[in-house]
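As given, the protein sequences belong to chains C and F, one line each in that order.
The first sequence begins at 1 in this note's numbering and counts up one residue at a time.
The second sequence begins at 1 in this note's numbering and counts up one residue at a time.
A couple of the hints might just be wrong.
Identical chains blur together in the list; that is why a pair holds if it fits in one copy or across any two.
[To be verified] Listed next, the in silico PhoX-like pairs over lysine-lysine satisfying Cα-Cα at most 20 Å (straight line):
1. Lys302 with Lys266
2. Lys405 with Lys219
3. Lys383 with Lys219
I should point out that these hints are in silico values taken from the structure, not numbers from a laboratory.
There are 2 protein chains.
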Amino acid sequence: MGEMGSEEANKNWVLMVTAQCPTNIAVIKYWGKRDESLILPINDSISVTLDPQHLCTTTTAAVSPTFDTDKMWLNGKEISLAGGRFQSCLREIRSRANDVEDQEKGICIKKQDWDKLHVHIASFNNFPTAAGLASSAAGFACLVYSLSKLMNVKEEQGKLSAIARQGSGSACRSLFGGFVKWVMGNEADGSDSLAVQLASETHWDDLVIIIAVVSSREKETSSTTGMRDSVETSPLLLYRSKEVVPKRIVQMEEAIKTRDFASFAKLTCADSNQFHATCLDTTPPIFYMNDTSHRIISYMEKWNQFERTPQVAYTFDAGPNAVLIAPNRKAAALLLQRLLFYFPPPSDTELSSFVIGDKSILEDAGIGAMKDVEALATPSELKGNAPSQRFRGDVSYFICTRPGKGPVMLDDEDRALLHPKTGLPK
Amino acid sequence: MGEMGSEEANKNWVLMVTAQCPTNIAVIKYWGKRDESLILPINDSISVTLDPQHLCTTTTAAVSPTFDTDKMWLNGKEISLAGGRFQSCLREIRSRANDVEDQEKGICIKKQDWDKLHVHIASFNNFPTAAGLASSAAGFACLVYSLSKLMNVKEEQGKLSAIARQGSGSACRSLFGGFVKWVMGNEADGSDSLAVQLASETHWDDLVIIIAVVSSREKETSSTTGMRDSVETSPLLLYRSKEVVPKRIVQMEEAIKTRDFASFAKLTCADSNQFHATCLDTTPPIFYMNDTSHRIISYMEKWNQFERTPQVAYTFDAGPNAVLIAPNRKAAALLLQRLLFYFPPPSDTELSSFVIGDKSILEDAGIGAMKDVEALATPSELKGNAPSQRFRGDVSYFICTRPGKGPVMLDDEDRALLHPKTGLPK
Numbered sequence: 001m002g003e004m005g006s007e008e009a010n011k012n013w014v015l016m017v018t019a020q021c022p023t024n025i026a027v028i029k030y031w032g033k034r035d036e037s038l039i040l041p042i043n044d045s046i047s048v049t050l051d052p053q054h055l056c057t058t059t060t061a062a063v064s065p066t067f068d069t070d071k072m073w074l075n076g077k078e079i080s081l082a083g084g085r086f087q088s089c090l091r092e093i094r095s096r097a098n099d100v101e102d103q104e105k106g107i108c109i110k111k112q113d114w115d116k117l118h119v120h121i122a123s124f125n126n127f128p129t130a131a132g133l134a135s136s137a138a139g140f141a142c143l144v145y146s147l148s149k150l151m152n153v154k155e156e157q158g159k160l161s162a163i164a165r166q167g168s169g170s171a172c173r174s175l176f177g178g179f180v181k182w183v184m185g186n187e188a189d190g191s192d193s194l195a196v197q198l199a200s201e202t203h204w205d206d207l208v209i210i211i212a213v214v215s216s217r218e219k220e221t222s223s224t225t226g227m228r229d230s231v232e233t234s235p236l237l238l239y240r241s242k243e244v245v246p247k248r249i250v251q252m253e254e255a256i257k258t259r260d261f262a263s264f265a266k267l268t269c270a271d272s273n274q275f276h277a278t279c280l281d282t283t284p285p286i287f288y289m290n291d292t293s294h295r296i297i298s299y300m301e302k303w304n305q306f307e308r309t310p311q312v313a314y315t316f317d318a319g320p321n322a323v324l325i326a327p328n329r330k331a332a333a334l335l336l337q338r339l340l341f342y343f344p345p346p347s348d349t350e351l352s353s354f355v356i357g358d359k360s361i362l363e364d365a366g367i368g369a370m371k372d373v374e375a376l377a378t379p380s381e382l383k384g385n386a387p388s389q390r391f392r393g394d395v396s397y398f399i400c401t402r403p404g405k406g407p408v409m410l411d412d413e414d415r416a417l418l419h420p421k422t423g424l425p426k
Numbered sequence: 001m002g003e004m005g006s007e008e009a010n011k012n013w014v015l016m017v018t019a020q021c022p023t024n025i026a027v028i029k030y031w032g033k034r035d036e037s038l039i040l041p042i043n044d045s046i047s048v049t050l051d052p053q054h055l056c057t058t059t060t061a062a063v064s065p066t067f068d069t070d071k072m073w074l075n076g077k078e079i080s081l082a083g084g085r086f087q088s089c090l091r092e093i094r095s096r097a098n099d100v101e102d103q104e105k106g107i108c109i110k111k112q113d114w115d116k117l118h119v120h121i122a123s124f125n126n127f128p129t130a131a132g133l134a135s136s137a138a139g140f141a142c143l144v145y146s147l148s149k150l151m152n153v154k155e156e157q158g159k160l161s162a163i164a165r166q167g168s169g170s171a172c173r174s175l176f177g178g179f180v181k182w183v184m185g186n187e188a189d190g191s192d193s194l195a196v197q198l199a200s201e202t203h204w205d206d207l208v209i210i211i212a213v214v215s216s217r218e219k220e221t222s223s224t225t226g227m228r229d230s231v232e233t234s235p236l237l238l239y240r241s242k243e244v245v246p247k248r249i250v251q252m253e254e255a256i257k258t259r260d261f262a263s264f265a266k267l268t269c270a271d272s273n274q275f276h277a278t279c280l281d282t283t284p285p286i287f288y289m290n291d292t293s294h295r296i297i298s299y300m301e302k303w304n305q306f307e308r309t310p311q312v313a314y315t316f317d318a319g320p321n322a323v324l325i326a327p328n329r330k331a332a333a334l335l336l337q338r339l340l341f342y343f344p345p346p347s348d349t350e351l352s353s354f355v356i357g358d359k360s361i362l363e364d365a366g367i368g369a370m371k372d373v374e375a376l377a378t379p380s381e382l383k384g385n386a387p388s389q390r391f392r393g394d395v396s397y398f399i400c401t402r403p404g405k406g407p408v409m410l411d412d413e414d415r416a417l418l419h420p421k422t423g424l425p426k
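Based on the sequences and whatever the hints tell you, model everything.
Here's what the structure looks like:
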């Protein structure tokens, strides 16, 4: 390899690309595989891509003749690539690699060279991995996307999504911004089980999303194990996937198309609850929501009922965190007031670390300091009822965000996670 | 009325009967009505009757020409009989009344007199009503049973159960001891929606039942409202009632007949979880179990899994309390050790008020004093795992009991709740 000069002379080059991929939150849920190794789902699902400014994975993929094995680092710590899911993604991308030429650096990689070359991959989440915020979705999307750019893969985004799917099912939906459908597909080889964009993030750009990161004492069941147990033991799951979800997919597509928040909210809440219902119908039962999650739902339902029309949608993935969606900034400000009223921070917390992301929602809510949180009035929908409890400390922090764009390349070399000379983590 | 002497002379008599009825816990759940006013269910259900020695309602029903209106007292406090459910029971029993003669007291009531006579009813639960232990089941069963005795109603027990059903659905199952099936029936008038005994309490008499009364901060949705919401909004409930429950009824009858605890436990747990799953699938969702309930389930599942065969069955009604069923006294002692290990009482609690009912299980568990609770060893199934947490105070108290008998008359006048002369609460 290497057209310019001898192979020896060029052996020290490192070629790398850096990409950023968003995470996503399903509003019609994926739960249950019909094929464990290809990761083929038992129903379609629909998600909203979250703004990568607040929640994303950044991945640098590098290749060099000096690398003697494939290696990966996640948040600075080396992790094994031996797992079948990593191997599937690497194999599928490598098999589609093409010639790559970098005249400036004097690099020319032929299509057939990729089988002999090794890669280094470094990935970083701009949010706590432990918070249970679908880090694997953004992670595998970014792995596949960055490798595809590095290797000059010429597949369209949908085909890339089918590869990311083999890393983590929901990762396929992170290949697009805005509103995304993962079509379950029919083929045995999974080639038609991929993501399509329903609408870009600009289609419905007044939505505001607030994530409540809920403190938990319990160790959670992994979604891989959980959904396998559900498929094997829940009598309700198959009925859901065959009879309930297909209708909801049609209704949700229509709600998104027409920006019908009332319908969007009803479907989102009902489908989150039904997903958790099938978890509970599993043997042994799986509990992802805890008392705090339940309280958030009850308060949101009470507010929606009081206003006679949905002010907020809620959805929960495989963990206790709530993802709350408001139709616009005004509703979001009212939502944030309520959330801070019910779930104030412990007394030694800084407001700036308790509400993160898009802080302009805090301003809209009239909250500039911790004293404003303490002074919040009881929400109208509670008045006349028994004195309301405040559950201090039960939410660790809030992230304010919005629907966002899909994967992008980061051309600024300063943002690369690997050293341009050594190909090792900076 | 009155054969002996003039009506005037006999106007001061009070005739009364006192009965005791058990409560019951469903192992295949009733959730959803096909007729709200007749209380006709959408599926069969099966229950175990609990020993009235530990959990029962005692009711005295009295009649006297001096009573000028129907009146009722519950736990010493007068309550209204105006509700449709009370009226249904009173009407159905009155319409079946017969001649009653008490020669000793010189009382003779003709069948047609009952329409003009008023009754006083006093009812008392030997367990806290607030604990959410199906007090309405025992209560309506006892109301109907005692009135039927007072009015010399000659219906068989099954027909009485169909009357009690109109007070509270699950009350019909409290007309029998042991193992009871509520047959949903087909008739529009509900005449064939009644309870039948599957086996008496002596058929499987080594079962031990421990109830964990769980502390809760939340106000619960009434089961009447909850099941109406579920029927109207849960897509999964109809499927459960039509496709899942009929098969489980057949399997549960077989498990009871053959005293197959493994099958009994699996069905009981799965059906409790599925009932709560349909609650979660309701709009707005209903949460009866809380974090403590979830922890109890997780610990029981872990134990069962560790032992490779079910040691305990769990079931939860419309509230956070756990009803735990062990196959025999040996397993019950091991169960009680585990429960007290995970959920020890606050430090100022007396053991005698923390474990009530059949205290001989405490002896079997080797626990004679609070120091023995504190000294309990970590259960084997937890060893090697992370250090176990103990959730002190999360269970208010435990009740040890067993399957029990059906309604009985209490002939001892000392146990009557109404004064024999005045017909007013003692």
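Comparing the hints with the structure gives:
1. Lys302 with Lys266: Classified as within; 14 Å inside a copy, 36 Å across copies.
2. Lys405 with Lys219: neither (32 Å within a copy, 42 Å between copies)
3. Lys383 with Lys219: between (37 Å within a copy, 16 Å between copies)
Taken one by one, the earlier hints fail for this structure only at number 2.
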